[in-house]
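Trainee: Between the sequences and the hints, there should be enough to build the whole structure, so can you do that?
Below, each chain spelled out in residue letters.
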Amino acid sequence: MSLLKAEGVSGGYGDLEVLRDVSIRVEPGEIVSLIGPNGAGKSTLLKTLFGLLRCRRGVIRFKGEEVTHALPEALVRKGMAYVPQVDNVFPSLSAEENLEMGAFVLSGDLKERKERVFRLFPRLRERRHQRVGRMSGGERQMVAIGRALMLDPELLMLDEPSAGLAPVLVDHIFEQILAINRTGVAILMVEQNAKKSLELAHRAYVLAAGQNRFEGPGPELLTNPEIGRLYLGG
Amino acid sequence: MLGARRWREQVGRLWARPWVPPLFLLFLVLLPILLAAQQGVSPDRLLSLVIWGTMLGSILALGAIGLTLVYGILRFANFAHGDLMTLGAYLALFMLTLLPQGPPLRPFSFSLEFLVALGLVFPLTGLAALLVDRFLYRPLRFRRAQPVVLAMAAFAAAFFVRSLIYLFWGPDFLFYYVGRPRPAMEVFGVLLRPDQLFILGLALLLVFLLYLLLEKTKLGKAMRATADNPDLARTCGIPTERVALWTWLLGGGLAGISGVMLGLDAQLRPEMGWFMLLPLFAAVILGGIGNPYGALAGAMVIGIAQQVSASFLNPAYAPGVAFVLMILVLLVRPQGIFGRPGG
Amino acid sequence: MEADTLIKSALLALPLAFLLLSFWPGRRALAWLAPALLLALLLHWVLPTGLLAYLVSFAVFASVFALLSLGLNVHWGYTGLFNIGIAGFFALGAFTSALFTTAMPSGALALYSQQAFGLGMPFLVGVLSAAILSGVVAFLVGLPTLRLREDYLAIATIGVAELIRLVFQNERWLANGPQPLRGIPRPLYCLTDGPSCDWLPTFLHPLFAGLEPRDYPYLYLVLVSAAVVLVYLALEKALRSPWGRVLRAIREDEVSAAMVGKNVFAFKLEAFVVGAMIMGIGGAFYAHFLVSIDYGHFIPLFGTFLIWVMLMLGGSGNNKGAILGAFVIWGVWTGTAFLTDTLTPFLAAISEDLPARSPYLRYLFISLVFMAILLYRPRGLLGEEKTVSQFMENAK
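Residue numbers (the numbering used here), protein chains in the order written: chain F, 24 to 257; chain W, 7 to 349; chain X, 4 to 399.
To be clear, the hints were calculated from the coordinates, so they are not data collected in a lab.
Remember, it's a predicted structure, so these values are computed and weren't measured experimentally.
Treat the hints loosely; a few may be bogus.
Simulated crosslink set (DSS-like; lysine-lysine; CA at most 25 Å straight-line) [as the list claims (entries may be wrong)]: (1) F/Lys86 <-> F/Lys101; (2) W/Lys224 <-> F/Lys101; (3) W/Lys224 <-> F/Lys134; (4) F/Lys134 <-> W/Lys222.
Mentor: So this is what it looks like as structure tokens:
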């Protein structure tokens, strides 16, 4: 059974239909990459899957259960997590408080869960009391991903995790994503940096003009000459 | 064009230094003090003005913290906040007429029943704020009305509350205790009424309790988080409507208490809250919208500036002082002194 | 038929012609004059003199508010600028025009009435100066705030309105605050008073002989309704021009407007200044009819809130709606005064303090009306005229 399966999804903002009949699936433990030109609807797809935008047509299933019109609150409890591209932290809260907010729906002690995130991002342990607004871009991204991991999700959706980061940090973030994946978390990510994300991905989808164009294992897409020409600048 | 951008980046980097915002605050406080000193106001008088300003600032802070939280969480300017203060002040007066009157608690001008009334004002004004939300703001919010339409609704609510107060209590000045002497005493060379010390003490206590709530409790953290970034809060599964409910109760209650303090310090009149609206918003903008600690600092600056400037300006223009400070901040740092870019 | 009926009907014919024109546009304005004159005569014949006189002075006030409401429509209806300090521009216009047109008090009067200057200029100069000064203040307020988030402008306008009122309340030397500034000249008043104006050719004097000072509102209605029509026509033209289309684009989607290369800030500033100038003109017309004004006229409830209710009821984004709303709400406002008077015995039965406070029932009522409009009829009576694309209509 696929972890996430979306079939024939259409949706967008207001009158504007960005997605037209998009189908996508994520198997447990997979890294799936979404690439495509600007305005192809990659971020819109993530938002629609996470219930932030209304799914007009189509069916979305998570762990076999239909969640087409579920709200983010419900999806968070079911084990889906989402990290937006921008504004993905609470800047006036400390790093630790940001993590706590990630597990808001849980009651009880969060020490164990916080400890796990700190093991993944030791840098955050050092700066746990620092307000996130004063942190660097890379550290903020760690906080954002750490926050999403607090509920032990089975699927982590990342919207452009490397956007706006220095090249050194980009590699670092991708390493962390791999490390998270090794703990068994499936990852669905949108990336501007198509080459890097295809190297990493088990499978990938190419989205253009709101529709699926290609689908296949990451490395295979990487060597596909047409995709190379269209989206990889080579 | 490029030069302008580089200049803006430079300025942004400057503000990011930890010592710059407090220094600017200090500058804003010192500005009226220096002006007063230059006009030949004696140091003694300046000291007492600063202390009175601290008291006014702490009253303002109770209102401004609620206002900034609502502003951050629900994303609209609640122009009815000042009139919630007025409502609190008059509700306390109403309860004094119901409660049996005891002897004054010397050296204060009030009696025991005033403290009871003060305690009741908190939940009652909070409830009033919640009711306005239920019947006016929430339906608009669910219809996804623009923030500016909500602000307009708040503007209507302000007049609604004020006209009720006019109807029930009339336009005249009123006092909690008519005819009780309110002698001033000297504390370290500063003339103060015991009532004012009470106000200062209670306001500081409430601000401290609020600090504990915001820093140590899950609800308080959720309030700060939602005020910071409501969309992300929803993404985290924080029930933002419930957070809003508690924010109204808390913000409304605090506004009510600060209204009572204002009434105890001076007198009650139906426009008292409206006149506070400008200082309240000045404090909120100074501290950065959605930032309760910023609002606290902003309220202190505004309170002191208003009192000190009264030594060389017609006190009627006190709201103007708040206004000028606000425009000054909008010119140099529109996101507030503790705000963040794009906030 | 008596001479005074004829001249009063003739005066009434002009505003009536404007009214007919707005219902059946397309024909020439002059073509409506004859039917309007007949209608005016009919009104004189049907209505008791007192009632007609009341309606005329009602229409004068409603037209003044229509000017203010039209000004607000430029701000809110067309550009989306949230100005809740209308009272400031209203007061500024009123006092400026008053100071420009009154004569400096002299002799015994100077002992108890002070003002900064009194130029004794003609009425139109007063109106012009009111518009200019309001525009300048709007420019200064808009400059630091219009680049920022939209609610900052609202807060700044509250501040300016309060400050302006405080100045006129506390500065005796400026405009006799807190006492009223008296003796504001009424334009063309000479036509109703005595042998008529000096500048009028003698052979025309008999024409106005039937007018008495108490008929002055008929004369003023001609002036103020002409101002409303002129402002209305100018706005309709401006708002249907490319300039107006950019304003609406800014209101709907500021970011897109900026992306197609429009200098959003400059357009907003222009709209803010233009709207404020119209409000200033409204203030001038208010002052010259009342003869004596003080700061108390420009409290937020009367000077700002009422005008908001007018525009929102009529339909923001619609100039006809702005005018209609002004008449309806002014009717409600004055009508509730009668109502509260008749309610007095009941109120007295509830509490002995209440009858004296019954005017505040109107405040309560108007604020309820406003909330009801926001909740149940956000587009107002007329709604916005269809100059916006289908896409924008649905996006709301």
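Trainee: Would you mind marking each hint as holding or not holding in the structure?
Mentor: Now for the hints, and whether the structure bears them out:
no., hint, result
1, F/Lys86 <-> F/Lys101, "9 Å, holds"
2, W/Lys224 <-> F/Lys101, "22 Å, holds"
3, W/Lys224 <-> F/Lys134, "14 Å, holds"
4, F/Lys134 <-> W/Lys222, "15 Å, holds"
This entry satisfies every hint, going by the numbered hints stated previously.
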